[in-house]
Amino acid sequence: MTRMGFFTDTSICIGCKACEVACKEWNDVPDDGLNFLGTSYDNTGALGADTWRHVAFVERPRGGSAPPSSPPVNGQDAGSSPAADALDTGSAGVRWLMSSDVCKHCTHAACLDVCPTGALFRTEFDTVVVQQDVCNGCGYCVPACPFGVIDKRESDGRVWKCTLCYDRLKSDMTPACAKACPTQSIQFGPLDELRDRAAGRLGVLREAGVSEAHLYGADDNDGVGGFGAFFLLLDAPEVYGLPPDPVVTTRDLPRMWRAAAGAALALVGAVAAACARPR
Amino acid sequence: MTVRRLIASWPVVRQLTGDDRLGLGAAARSDRSAALVARTETADRMVKSICPYCAVGCAQRIYVKDEKVIQVEGDPDSPISRGRLCPKGSATKELVTGPSREYTVKYRRPHGTDWEELELDRAMDMIADRVIATRAATWDAPNRRTLGIASLGGATLDNEENYLMKKLYTALGAVQVENQARI
Amino acid sequence: MGSNMAECHPVGFQWVMEAKARGARVIHVDPRFTRTSALADTFVALRAGSDIAFLGAIVNHILTTGREFREYVAAYTNASAIISEDYEDTEDLDGLFSGWDPETQTYDPTSWQYAGMPAAPSAGTKESSPQGEAHGYGSKLEGAEPPATDPTLEHPRCVFQILKRHFARYTPELVEEVCGVPKARFLEVAEALCDNSNRERTSAICYAVGWTQHTVGVQYIRTAAIIQLLLGNMGRPGGGILALRGHASIQGSTDIPTLYNILPGYMPMPHAARHGTLDDYIAANTAPAGFWGHADAYFISLLKAWWGDAATADNDYCYDYLPFITGDHSSYRTIVDMADGKVPGFFVLGQNPAVGSANGKLHRAALAELEWLVVRDLVEIETATFWKDGPEIDTGELRTADIGTEVFFLPAAAHTEKDGSFTQTQRMLQWHHKAVEPEGDCRSELWFYWHLGRIIREKLAGSTDARDRPVLDLAWDYPLLGQTGEPDAEAVLREINGVGPDGRTVGGYTELKADGSTACGCWIYSGCYADEVNQPARRKPASEQDRVALEWGWAWPANRRILYNRASADPSGRPWSERKRLVWWDGDAQRWTGHDVPDFVIDKPPDYEPPEGAEAEHALRGDEPFIMQTDGKGWLFVPSGLVDGPLPTHYEPHESPFSNPLYAQQANPARQTYRRRDNRYNNGNGAVDYPFVMTTYRLTEHHTAGGMSRFLARLSELQPEMFCEVSPALAAERGLVNGGWATITSARSAIEARVLVTERVKPLRVQGRDLHQVGLPYHWGWKGLSTGDAANDLFPLALDPNVHIQEVKAATCDIAPGRRARA
Amino acid sequence: MRPAPVTDETATGYYGNPVLKAPVWKPVIALYFFTGGVAGASSTLGFAALLAGNRRLARSALLASAAGIAVSGPLLVVDLGRPARFLNMLRVAKPTSPMSVGSWILSAFAPASMLAAGSAVTGRLPRTGRVAAGAAGVLGPAVATYTAVLVADTAIPAWHDAHRELPYLFAASAAASAAGTALALTPVPDAGPARRLAVMGAALELAAFRAMERRLGEVAGPYKEGRAGTLARAAEACTAAGAALGLVAGRRRPVAVAAGALLCAGSLITRHSVFRAGFESAADPAATIGPQRSRRAAG
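Chains as they are written, first to last, in our numbering: chain A, 3 to 281; chain B, 2 to 184; chain C, 12 to 834; chain D, 613 to 911.
Isolated chain A (complex conformation) (with noise of 0.2 Å):
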């Protein structure tokens, strides 16, 4: 079946969080806690078992110095003009960058091989979910994905993440959070196509002069051999907290597995040395 997936735009996110609310109004997520956390207008602060979008705001200065990994920024924010910045004094000279975060269901996915029950699994819709009524709470999935998503439900005991709404895509539904987001900064679709106008729509902003726009997970030869919900970014991925060059940790599974047989032969060797010797 063909690949579905999200793309999220985050150059018109309007940071509302309709898209956590309408997740957790259609998974029954129950709340994360209400905390004010003094990090703009983040109180959810990370995905989690019970955060399966997360927007996340920053504040940043225009024009703000740019980490290495991410391209050049020509001290422009998404669509103003020149003049505007060099008369910028009277406004607030800060950009807010608001983004929803959501599992990346990668190609190549970390929980998904590391999990022993079989409880995540890849779904007709190359999507990664996991079965609740097959999950025994082992927790290996939880260090294992590079984006820190999945986590334990402490009250549950079983893992928990975005299903990409397995049970609506099965009802040939739109998942819950791409249907609310009023401006469509969520998109829903196959990744293929959602692959072209991501494509698109960074050329548009490219050709705006919005230089650091760039996309974040769509490129089959990155560490998780591509996103199946992946985003066009305005500033780098760890200023929005995340990693900036993932890696599926399995993909160095065979060396681990070389290094194993090495230190588990050299455990031999040495009990045979140790019993070898005459009494």
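It cannot be assumed that every hint is accurate.
Derived EDC-like pairs: lysine to aspartate or glutamate, alpha-carbon spacing no greater than 20 Å straight-line [said to hold, decoys possible]:
(1) 551/C x 78/B
(2) 470/C x 448/C
(3) 399/C x 122/B
(4) 69/B x 484/C
(5) 172/A x 141/B
(6) 524/C x 307/C
(7) 524/C x 542/C
(8) 470/C x 117/B
(9) 551/C x 526/C
(10) 638/D x 691/D
(11) 353/C x 141/B
Please keep in mind that the hints were generated in silico from the structure rather than gathered at the bench.
Once you've looked at the hints, dock chains B, C and D against the given chain A.
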């Protein structure tokens, strides 16, 4: 037979016999996952509605099963909202079914220190008595009115409700009828 | 401006984003850098309460650079009208218009009239019901004759020249001094607006309560109206002034008002001094030209709808069943009276004045003075429990046992549990169907009021007291549905629509008669049940219609989606631009046609000249699009209807740390104040005790006073506590720590809030010094899942004189680290 | 409280929040790494001793193995969020999941180890016991090392980036602890192999730890500082002391017992140090972002 079926349903066996050798996909799928559908599909009915929060007027679809609201979705047919909802609109199900809602009349007698229970019919009767008494006591005959009864609210209510309110209040001579539009 | 659309109307904002994607430029001018600013192309920070200076300078910029849309202005506005010789401007009188009476603190607007017009009735005392809002839809003049005009716009007393003189000192330099907006920044906005407003292009202005909640609120919007008329942006697609309203049916509750001063359809409540008899009322409210010429038909049809067969020509259709108003009976006036023990009974429905209205403490004190209180809501809001857990109980200022208020809390039915219609912000009625029965004691307001009326009528049956006749004669028969006896909302809507002599629904207000043969509950809604069909319930999918989507819901009047859309065509009836065509004159068919329902007499040709003696709409020419106005024109200058002046003028907010650099007159002279111990003001030179400007606002995650959001976990977790927003500079100056606590004080009260230090708030340079602004979301109270102090407690009752709305968008405060004192 | 939001510093990402989720495992898992290690290495030692004809050593080692694995099972089940579903571990067989591989290994190893110990203690079914001991002895090194792969196969820098050294560290630590246990349980004259294994294991453990720290470079922090660092130093001291004691005075029984205990303590603390370091590494956004940024910059 059952044993065989049991064995056949063991994912390890499906791994060995099917295409999903690594057990990452179809082999690992549970029966529940296979049978899963959106709960809106099994709803008894869908009712068309409008979001009760701000004045944009986004269209909603209310899904009902066993006489309970089980889901509220944006209605993509709307030329205003195109199926989208903001966080408040998206929280509508909790608004109408959440644990904070009150379902019974509460009564606090003058100088009372806590709520007491009261039958709805009795409350209506008492309120009618209060209206009649206050109206009589504060009647301003030359102006055909009372300044003893005020009302605040309406912006969250239906037009039909505002209409009946204004009609009844005006007939009663109550003029201090106001709502959020003033605030 | 005055709106934070992305946060407060996110789903509506999709259209702004779509326009932006198609090349529209989005400009946000606001005291705060909000989520709207973040998505705008241009953000301009201005001082809260200085918008008229900014907008007035745009007017001046248009006029001095000749950027007005000349043909539109000349044909469709009252620019050419000549004003009375007696008129004197604020430029002449240092901040006052002619007609000011220092004794009564009110204006006599006689001198504001068109030259040669008979004088309009005095605006009377400040406490009187202003005409402006009563005619909230369209305005009325006394004279039947068109005013004297100078089509060249050169006459020194013509509106155009008065406008030029009035705003001449509203320069970019003044904007910099008053608003804290750099000159170049201002000019960029003014130029952008002018460049985008012409035959081919239109600009829209969105506002919300950021404009209305001021002591000069109406004039804020007036200034925008002047700009849009000058630029030819009214009645055209992509133009206009869009009021973004905050409640599902706040528009509906003004159209069918739960407001003291109007009856359904913006007809005034009878005033004891002016409307003694039906004839007085009709005479006073019927305009010689335009559709207000049929006020008699609208009004008598309303009386027929209310008193049915009891209303006859012989008894003046029960006119004397209507109570009189004698002055201001608005919300705040009433609360003040309540606090003084003058109002024994109070109904509160879906509103939360204990924390949601300005000066919450005064409101709570007023509630404690009541004999009885009925609160109807979904959840146990603060207004229902002030007597046991309010802040004054906490501090010991009030004791529960001392409060004599008898309280009835009745659980309400949610919108999913009742049929009915909401009127959204573009005047569109949309029906919501009942999905489930309400549980327990939950009931709709429809149920509550109908049954309350029924019980009262039963108890009063047989009464011979004349005062009980209006209640007993009320047309109060509606089909009852279901086990609870819910009145049929569709039957009510049908009554609102109106029925003709044949007992069938009328098709629209043009069918209403003044002879008692028709009954109609709200004339502007007439047509909403045309052909016996619930029109607001229509839901033809947008995908199956053109983009105007006339078959989705129903907009008043007559399902028109853009008001005064005749103005989208030039005087000869051709669209100003093919790109922007909406309605136009079809010469072959001899009819107006187009994408929208034409807001004009459908077969009145563009070259129509009213014959002698023509009345109502027939007295307007074929090229006069503003058909609710007596002169058919858009009013740059308002000769009648406003109590605080015919033109907008920059006044400082009631509380301001600055003096007015333009005039000796500091604040709106006509503003409404309550000088009482429980409503203290920071007057005089306010900069000393309360040096900062505070402003209130909403967040996406909550709804107004919180009754529908603070009680929901999924919204509460997103904004879990009351906070204030301050700049790093103010934080440094006052020792405020991000995430810590601050106490904000005003002349009224002190509240505490968590601190959010943000670069989005920057000090502004105003009159040569740095001004700090403190942002205060106002959603909180002490109940629910997400709690905090109510920002409204800090604000005074200081009201706009036209509409009695409080100024909570700008006042003065101080801020200090730490929590507020208890007890 | 958190710092004020606006910052040029992006090395710590988003308000200094971790990029990764900390593991949800409780310290019983670190304990299991130890008991599993003892069980695994002991079974190999036991089988080797059996082959070498050292029955006493074989008996104590096989017994230690069985005891170790008997404790391990409950430790693993207790840590599950849904303990009743522990059998789901055998629902699938996934080579991509070290935990799945481990589960299958354990399900073969545990009965073998039990059987071998039972036979060794009771003297019954000697042939079966020998086969079982052989099976356990062969599986033992896998049991002792798969846990290293298990922690390395995560996104946590202090674990993942040590994936070449961790198996050696775990194998050595298992050897040292198995040797220590045998040292303590076996009469001096028969404990020679255990003493030698103790020295080799301890030396390798110390070396592997050093190599791991070197490899980790900028993300080695947790092993050097904080709680995990303290544990690492304590482990080093115990292991070194245990080995030295065993080497110098291991022929005196009480000293042998003490040396064994020190070796076991060293091993246990080593596992706790590694375990802890993972949590600290996960909590540090710079540890995740820094190397990735460098990697990206390098192309």
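Quiz item: Is the straight-line distance between the alpha-carbon of residue 551/C and that of residue 78/B 20 Å or less?
Solution: holds (7 Å)
Self-check item: Pair hint residue 399/C and residue 122/B, alpha-carbon separation not exceeding 20 Å
Solution: violated (25 Å)
Quiz item: Are the Cα positions of residue 353/C and residue 141/B separated by 20 Å at most?
Solution: holds (13 Å)
Quiz item: Is the hinted pair residue 551/C and residue 526/C satisfied, with a Cα-Cα distance of at most 20 Å?
Solution: violated (37 Å)
Quiz item: Keeping to a limit of 20 Å between CA atoms, is the pair of residue 470/C and residue 448/C held or broken?
Solution: Violated: residue 470/C and residue 448/C sit about 29 Å apart, past 20 Å.
Exercise. Verify the proposed pairing of residue 638/D with residue 691/D, using a straight-line Cα cut of 20 Å.
Key: Holds: residue 638/D and residue 691/D sit about 7 Å apart, inside 20 Å.
Quiz prompt | Satisfaction of hint between residue 307/C and residue 524/C, Cα-Cα up to 20 Å | solution = Measuring from Cα to Cα gives roughly 8 Å; hence the hint holds.
Quiz item: Is the Cα-Cα distance between residue 69/B and residue 484/C 20 Å or less?
Solution: violated (40 Å)
Quiz item: Is the Cα-Cα distance between residue 524/C and residue 542/C 20 Å or less?
Solution: holds (18 Å)
Quiz item: For the pair supplied as a hint, residue 470/C and residue 117/B, is the alpha-carbon distance within the 20 Å limit?
Solution: Roughly 26 Å separates the two Cα atoms, so the pair is violated.
Quiz item: Taken at face value, is the distance from the CA of residue 141/B to the CA of residue 172/A at most 20 Å?
Solution: Violated, at about 67 Å.
Of the numbered hints listed earlier, those contradicted by the structure are 2, 3, 4, 5, 8, 9.
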